[in-house]
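Asks: Next come the chains, spelled out residue by residue.
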Amino acid sequence: MRPLVAVCWKAVELRAGVDPLTGEIRPDPRSLGVSPADEAALEWALRAAEGTGAAVRVVSAGGPEADGVLRQAAAAGAAELVRVAIEPGSPSCEVARALAPHVAGAGLVWCGDVSLDRGSGAVPAFLAAELGVAQALGLLEVDLGAGAGGFSGLRRLDGGRRERLRVEGPAVASCEGGTARLRRASLHLMLEARRAPVRIEAAPPPRRPAPHVVGRAPFRPRARVVPPPPGEHAADRVRALIGAEAPAGRARVVTLGPEEAAEAILEALAAWGELP
Amino acid sequence: MAERFDAVVVGAGPAGSMAALQLARAGRSVCLLERGPFPGSKNLYGGVVYARVLDGILPRWAEEAPLERFVTRRVTMVLTATQSLAVDFRSSAWGEAPYNGATALRPEFDAWLAAQAEAEGAVLVCSTTATGLLVDASGAVVGVRTDRPGGEIGAGVVVACDGVNALLAKEAGLAEAPDPSHYTLGVKQVLRLPEAEIERRFGLAPGEGADFEILGGTGEVPGGGFLYTNRDTLSVGVVLSLDGLSRSAVRPEEVLAGLTAHPAIAPLVDGGEVVEFGAHLIPEAGLEMMPRLAGDGILVAGDAAGMCLAAGIWLEGVNFAMASGSAAGEAAAEALVAGDTTRRGLAGYEARLSSGFVLADHRRLRHAPGLVLSERVQRRYPEMVCNLVEELFTVRNPAPKPGVVQMARRAARRSGVGLGDLLRDGWRAWRTFG
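Quick mapping for you: the protein sequence lines, in order, are chains A and B. Heads up: the first sequence begins at 1 in my numbering, then just goes up one per residue. Heads up: the second sequence begins at 1001 in my numbering, then just goes up one per residue.
No wet-lab data here; the hints were simulated from the structure. Ideal Cβ placement from N, Cα and C applies to all residues, glycine included. A portion of the hints provided could be inaccurate.
Claimed, not checked - Here are the in silico distance ranges between beta carbons for each label pair:
#, chain 1, residue 1, chain 2, residue 2, range
1, B, A1266, A, D143, 57 to 63 Å
2, A, D19, B, G1420, 52 to 58 Å
3, B, F1433, A, D28, 40 to 46 Å
4, B, R1431, A, W272, 55 to 61 Å
5, B, D1243, A, P29, 39 to 45 Å
6, A, R15, B, A1119, 23 to 29 Å
To be verified - Some chain A residues well away from chain B (every beta-carbon gap over 12 Å; in silico):
#, residue
7, V82
8, R118
9, G119
10, R181
11, R199
12, V225
One chain only, chain A, in its complex shape (with noise of 0.2 Å):
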């Protein structure tokens, strides 16, 4: 039987915008692909199936509109694509145990370190629990050697640190997106793809209940470094940064209802130059 190396695909959305001001997501389903760091996760694949003749399997989780995502990776050379439907947002936990029969017998299972859409990294490290193999995770250099089906790489540790790899299979690797470049698919194969079977698998009932969200805290931006206020002394800064030197009478008091307030706040801050 022919070797295999599984390849582990999310489907994403690559661009959305972003309401600044309530946090609303708006998708844009046409951006549908794959992160820099799982596009990585198949040129390792293809260039170890080079090296040892074997089969390249690439498995999503995900609904139908994966689908084109995976046809992606049958231009690029994948042999074989599986589709996993499984519910949105399930727990990375689940994720893995649905992925797992399918890359299960891969002498290498590639992935992706991350998402592009927030995702923990967790998925790969849940993967190789599931198939009771090693984990090389994090990857920042690969090296296929003689191509035997083991690699050497290095691995991001906490706090800066790299630990150095030599990794025989089975196991589950994650690499990062600059790795690798993935090949630019020739025209024929591109043209192939388009009619590239995907199989599709039924996922596993979830074996506990996953959480649910019972409520959710508005959307907060991160803080943004400023520049700190002029002033040789701290009490100088201090005294810009609150605006005790500011000319008197700039403050005014107002009272009004909630709305007019904030559109009162909103035209003072606008003309003191305090808004863009």
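Given chain A's structure and the hints, the job is docking chain B onto it.
Replies: Same frame as chain A, now just chain B:
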């Protein structure tokens, strides 16, 4: 050559998608190449689409196409630095079928149109750039080369809809070297505002839209502006003479900032959140810049063929692109059936354009771009008209009112316009539009 189709259409804009649709509908195998990741992804246009040309081809366009608002209000404005004069026309009939024009954002509109071509059987290949033409020993075009490995595509006909730079038409020897005076630079920003707020500011009912075309308002650079209402955004921008822009040494975004700060425009765009900003060349010289439309094995359509009508009161492009693409597709299919894709065999393309509005309008209005883009029309006349109107409506009691002719003379003199200029341009305008 690994891949072969009856026809290859380069560029999935309105012209290209229509050409591909007509070829596919005629039963021909057709490959539609798009260099962006999806049709419309590289497009900047957000304006009014006059889609009546689709009536016979996609009869349900008004219900199915991703249109923003049906335009029921058309405002033609003349601006100087401190003045504005507007002719404000409304028609509720434009808000009902058959519609006149609708605002659209081209990334959505182009994607929809390409999907119609795909539904007819066209093969859409995105993220792929046509880098050159394949020619046979006789010099006839027999396909295109793309930037993908093994990327040669053989075809009986190539329809070049590759946009304003017309690279394929130039390579085929159909287009001359570009003359900068034939082009303008469109600079546009899209501002987000709540839907209801747009309707309140522009006095529109839900679903209705406004189209502001502006002469002047571009400071030292000859040009004009536009303001269109989309569903929950505004498209506001300027169209600038390339020569004027390079002479003035002003940056185009500064000109646009000047327009949006104009007292007549600022209240309309106030508080809008910028969600897009970009610029694009526009082919505006009409017939004067039009390349030869057909060669052996190749047709040119859309912006690549300069099919944009910039005739002052009429500013249209997408309808000309769609009509020219449709005609190119039909003519290519006809030539393939006849087995003659030489220039002579493809002559049906130009015949179709001549019998319809595309070439008829360009021929009739062939002098319009020269007149409209002239320095006097772009800058002196707006100033003169605004000065005259200001004189007319300024009450100078206790001084008695002067005669209108006297006021007109004074306004013309202040704007540096002589009687000879007025007569000459009046005659040119009569010949062009009369």
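Asks: If a hint holds in the structure, say so; if it doesn't, say that too.
Replies: Taking the hints in turn, this is what the structure says about them:
1. Between A1266/B and D143/A the CB atoms are about 60 Å apart, so this pair conforms to the stated range of 57 to 63 Å.
2. At roughly 56 Å, the beta-carbon separation of D19/A and G1420/B lies within the given 52 to 58 Å, and the hint holds.
3. For F1433/B and D28/A, the Cβ-Cβ distance of about 43 Å falls inside the hinted range of 40 to 46 Å, so the restraint holds.
4. Distance hint check: the CB atoms of R1431/B and W272/A are about 57 Å apart, consistent with the given range 55 to 61 Å.
5. At about 42 Å, the beta-carbon gap between D1243/B and P29/A stays in the expected band of 39 to 45 Å.
6. Checking the proposed 23 to 29 Å range against R15/A and A1119/B shows it holds: the Cβ atoms sit about 25 Å from each other.
7. The beta carbon of V82/A is kept farther than 12 Å from every beta carbon of chain B, the shortest such distance being approximately 24 Å.
8. Every CB of chain B is more than 12 Å from the CB of R118/A (nearest about 21 Å), matching its label as outside the interface.
9. A cut-off of 12 Å between C-beta atoms confirms that G119/A is not in contact with chain B; the least separation is 21 Å.
10. Non-interface call for R181/A relative to chain B: holds, since the shortest CB-CB distance, roughly 14 Å, exceeds 12 Å.
11. For R199/A, the shortest C-beta to C-beta distance to chain B comes to about 24 Å, beyond the 12 Å cut-off, and the non-interface label holds.
12. A cut-off of 12 Å between C-beta atoms confirms that V225/A is not in contact with chain B; the least separation is 23 Å.
When held up to the earlier numbered hints, the structure conflicts with none and fits them all.
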